[in-house]
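Please put together the full structure from these sequences, using the hints given.
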Amino acid sequence: MVTVSYSTRIYILGPDDTLYRLASATFSRMVDDPKRHRLERFAGQRVRMAEVVVEVRDRAPYAVVRLVYEMLGFDAEGRLDRDVFIRRNTALAELAIDPVVPRMADAEKGVVDAGSRFVARGGFWHPSAALEQEILRAALDETPCMRL
Numbered sequence: 030m031v032t033v034s035y036s037t038r039i040y041i042l043g044p045d046d047t048l049y050r051l052a053s054a055t056f057s058r059m060v061d062d063p064k065r066h067r068l069e070r071f072a073g074q075r076v077r078m079a080e081v082v083v084e085v086r087d088r089a090p091y092a093v094v095r096l097v098y099e100m101l102g103f104d105a106e107g108r109l110d111r112d113v114f115i116r117r118n119t120a121l122a123e124l125a126i127d128p129v130v131p132r133m134a135d136a137e138k139g140v141v142d143a144g145s146r147f148v149a150r151g152g153f154w155h156p157s158a159a160l161e162q163e164i165l166r167a168a169l170d171e172t173p174c175m176r177l
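Our numbering applies: residue 30 is where the sequence shown begins, and numbers increase by one.
Because the hints were derived from the structure by calculation, they are not lab data.
You can take every hint at face value.
Label-pair restraints from in silico Cβ distances:
1. Asp112 x Arg88: 36 to 44 Å
2. Pro173 x Ile126: 37 to 45 Å
3. Asp87 x Arg116: 35 to 43 Å
4. Asp45 x Ile126: 33 to 41 Å
5. Asp62 x Ala159: 31 to 39 Å
6. Tyr35 x Arg111: 24 to 32 Å
7. Asp62 x Leu160: 27 to 35 Å
8. Asn118 x Val93: 18 to 26 Å
9. Arg86 x Cys174: 16 to 24 Å
10. Ala72 x Ile115: 17 to 25 Å
11. Val85 x Glu161: 17 to 25 Å
12. Met175 x Val93: 14 to 22 Å
13. Val85 x Gln162: 17 to 25 Å
14. Ser34 x Val97: 18 to 26 Å
Note that the Cβ used here is the ideal one computed from N, Cα and C, for glycine as well.
So, in structure tokens, the structure goes:
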């Protein structure tokens, strides 16, 4: 019998495209308590992040099922800019909900609120085909990757 599970893998890219794997638990701690959980290597920078959801079969990575590219900001001491991260992800959630839950007041006004769209869009990036292949290979454990 084949056992199937899913694993979220977080990668941060350095300015030179070096790929670093960051444990999901570490990233959660950075979001929850940025003062105590810092990445000094990225102090004062805005860096690219890839969040990859991998299907795992019999404890081995099998396929990438979701891939999201996002930007992360760090202050001069290496603390994650939590407010921007949360604001951007809240905007993404609003964009996902908007088509499902119409806003009657907005429909009556005839005005489109694009604020969430602009906030969400400002935090994404798109890799080259070669860089995306490197991220996919790392997510499937086909190539070594440094860990933070």
